[in-house]
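Peer 1: Assemble the dimeric complex from its two separately framed chains, guided by the hints.
The lines below spell out each chain.
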Amino acid sequence: MKLVAENSTRKDNGDDQLIPLINIVFLMLIFFMVAGQISQSDATFVSPPESIAEAPIDDDALQILIDAELTIWLNDQQITLEELEAPLITAFEQVEDRESFTLAVKADGEVPVENLQALLQRIKASGFRRVTLLTQPGEALP
Amino acid sequence: MQLEAFPGKKRRGISLTPLIDVVFILLLFFMLSSNFMHWRQITLSSAEQSEQTPDKIEVVRVESDAGRVTHAGKSYQLQDLTALSALVAANPEAVFAVEAAPEVKTQTLVSLLDQLHRAGAKKVSMTGVLP
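As you go down the protein sequences, you meet chains C and U in turn.
Sequential numbering of the first sequence, starting at 1, is according to this note's numbering.
Sequential numbering of the second sequence, starting at 1001, is according to this note's numbering.
Pulled out of the complex, with its shape left as it was, chain U reads as follows (with noise of 0.2 Å):
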């Protein structure tokens, strides 16, 4: 009789290769349909908003994509935190107009949004949506 000395050497594992055809397929899958954006969104105007009408709008007006900034007359830089928060102080109840200059992209407008916010304007809006 013959015996096997080392019957484990002889038995084959299973073929990998459908396994990777598999994962790579799944791989590609999520890949490809994979979204890796996480969105936010700024309110532009609500009904509860124009339903009242505003005590007194300051209009903002954006001159330019490098952030000059013109209130009344004087002019200001976006990036300049302190002397808009300097302006809003001034009136801090007032509906903040943001108004923007031909070819002022929209990017520049979200920015000033942002700066009117941050600086503490309570209530920001976008001449023409505004009620």
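Bound conformation, chain C alone (with noise of 0.2 Å):
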């Protein structure tokens, strides 16, 4: 039928004037494939305090968050300062290489430093030693 024969052209256009469209979306999606690192989201959004520290961070450690409104995190489930020793110390009995159990710190910037403390206290009565904090690349002071 005619018709039909006439709608078709149009489309074959309109296809043809989607291939630039095609070409940013290749380009992005290759950006964000080649630049971009899939790994787990943290339960909470915190913005770490920068510095100079260029020590690589230790993938096997536990990490324990604490955001900007204190509230702290193990496991992606939320905790309080008190209930935190028990599944600390489950944990360092689960792993194999006890030598080299650490805890990674990651606090936000705004984080008041008694706060930190007090969670850093806390992790060093449970027997803890190996414990860091965790940072972004930064400028350095002037």
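Be careful, since some hints might not be right.
Restricting the straight-line Cα-Cα distance to at most 27 Å, the calculated cross-link-like pairs of lysine-lysine (DSSO-like) are [what the hints assert, rightly or not]:
{"no.": "1", "chain 1": "U", "residue 1": "K1056", "chain 2": "C", "residue 2": "K124"}
{"no.": "2", "chain 1": "U", "residue 1": "K1056", "chain 2": "U", "residue 2": "K1074"}
{"no.": "3", "chain 1": "U", "residue 1": "K1074", "chain 2": "U", "residue 2": "K1123"}
{"no.": "4", "chain 1": "U", "residue 1": "K1074", "chain 2": "U", "residue 2": "K1122"}
{"no.": "5", "chain 1": "U", "residue 1": "K1123", "chain 2": "U", "residue 2": "K1056"}
{"no.": "6", "chain 1": "U", "residue 1": "K1122", "chain 2": "U", "residue 2": "K1056"}
{"no.": "7", "chain 1": "C", "residue 1": "K124", "chain 2": "U", "residue 2": "K1123"}
{"no.": "8", "chain 1": "C", "residue 1": "K124", "chain 2": "U", "residue 2": "K1122"}
Not everything, but these chain C residues come out facing chain U in the computed CB check (under 7 Å) [unchecked claim]:
{"no.": "9", "residue": "V25"}
{"no.": "10", "residue": "Q37"}
{"no.": "11", "residue": "A68"}
{"no.": "12", "residue": "T71"}
{"no.": "13", "residue": "Q78"}
{"no.": "14", "residue": "E114"}
Just a sample of chain U residues kept apart from chain C, beta carbon distances all over 12 Å, derived [what the hints assert, rightly or not]:
{"no.": "15", "residue": "G1013"}
{"no.": "16", "residue": "R1040"}
{"no.": "17", "residue": "K1056"}
{"no.": "18", "residue": "H1071"}
{"no.": "19", "residue": "E1093"}
{"no.": "20", "residue": "A1094"}
{"no.": "21", "residue": "A1100"}
{"no.": "22", "residue": "A1101"}
{"no.": "23", "residue": "K1105"}
{"no.": "24", "residue": "K1123"}
What the hints contain is simulated information worked out from the structure, not anything from laboratory work.
We put the CB at the ideal spot given by N, CA and C, even for glycine.
Peer 2: Have a look at this one:
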């Protein structure tokens, strides 16, 4: 039928106009595939303090989060300072290499130091010696 | 017999729509799951450090987020690396224990740890985490 034939010609033209769009989308796709790294997202948003520290993070470390609202998170679950000890000891008993068992504290840069120290003291009271604070690279002060 | 003058013109290419659909879905997936943050770490205390007792502890205290730092009654500025270098040079082997006044943010404390490292301090520690 004549009508169908006309329609199909118009559709072809529509596809042709999409090619620049596809080019851009492909470029974005390649950028995100190459530049980004896929990792598990945190339970809460944490904006870490900036530091000139260059030490790469320990991927096996158990992470404890403390966000700007002073909420503490362990294994994607909200936890209070008093309840922290038991799950830490359970995690410690489950690992094979106990010598290198590290706790990484992911604290927001806005957290008051006294709250961070209360958390660190609680960790220390549980008997853990290897504790690190996670940061992101930033400019050094003048 | 009827011959086609331009057979190529009648041949239609593959429709691009399914391809775009799939590419869009891939793009969305990578946009949402990609992470561009580069994490670094500062070691606060380790087993080796806690076994040995430090010879001398110099307590450096951050007073405010503006960067006022005090040590042994003298006041310093966090941005003033020369003064901090002089402080470290006076006693390079000491452990510099950093403490903070109430309400000082973690960012300021981390900046002080950085500045002390830049000033040449070999051992920097946080009080309360100290052995």
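Peer 1: A separate judgement is required for each hint: does it hold in the structure or not?
Peer 2: Structure-based check of each hint:
With a CA separation close to 22 Å, the supplied pair K1056/U and K124/C stays within the 27 Å bound. The hinted pair formed by K1056/U and K1074/U meets the criterion: a straight-line CA distance of about 18 Å does not exceed 27 Å. Only pairs whose Cα atoms come within 27 Å are accepted, and K1074/U paired with K1123/U is accepted, the gap being roughly 21 Å. A C-alpha spacing of about 21 Å is found between K1074/U and K1122/U, which places the hinted pair at or below 27 Å, so the restraint holds.
The suggested pairing of K1123/U with K1056/U holds, with an alpha-carbon distance near 11 Å, which does not exceed 27 Å. With a CA separation close to 13 Å, the supplied pair K1122/U and K1056/U stays within the 27 Å bound. Note on K124/C and K1123/U: the hinted pairing holds, with a Cα-Cα distance of about 19 Å set against a maximum of 27 Å. Distance hint between K124/C and K1122/U is fulfilled; the C-alpha atoms sit about 23 Å from each other, no more than 27 Å.
Checking V25/C against chain U by beta carbon gives a least distance of about 5 Å; that is within 7 Å, so the hint holds. For Q37/C, the interface hint holds, since its Cβ comes within 7 Å of a Cβ in chain U; the closest pair sits about 6 Å apart. Look at A68/C: its Cβ only gets to about 10 Å from chain U, farther than 7 Å, so that hint breaks. The interface hint given for T71/C is violated, since its Cβ lies 15 Å from the closest Cβ of chain U, which is over the 7 Å cut-off.
Annotation: interface hint on Q78/C violated; nearest CB of chain U at approximately 20 Å, more than 7 Å. Residue-level restraint check for E114/C holds (minimum Cβ-Cβ distance to chain U is 6 Å; threshold 7 Å). The non-interface label for G1013/U is inconsistent with chain C: the shortest C-beta to C-beta separation is roughly 8 Å, within 12 Å. Some Cβ of chain C comes within 12 Å of the Cβ of R1040/U; the nearest lies about 5 Å off, and the non-interface call is violated.
Listed as a non-interface residue, K1056/U keeps its Cβ farther than 12 Å from every Cβ of chain C; the least gap is roughly 22 Å. Every beta carbon of chain C lies more than 12 Å from that of H1071/U, the smallest distance being close to 17 Å; the non-interface claim holds. Non-interface call for E1093/U relative to chain C: holds, since the shortest CB-CB distance, roughly 22 Å, exceeds 12 Å. Distance check for A1094/U against chain C: the nearest CB is about 21 Å away, which clears 12 Å, and the non-interface claim stands.
A1100/U, annotated as away from the interface, has a beta carbon of chain C within 12 Å; the closest lies near 4 Å. Interface exclusion of A1101/U from chain C breaks down, the closest Cβ pair being 8 Å apart, not more than 12 Å. Taking the minimum C-beta to C-beta distance to chain C, about 6 Å, the non-interface status of K1105/U is violated against the 12 Å cut. No beta-carbon of chain C is positioned within 12 Å of the beta-carbon of K1123/U; the least distance is around 15 Å.
Consistency note: the structure conflicts with the earlier hints numbered 11, 12, 13, 15, 16, 21, 22, 23.
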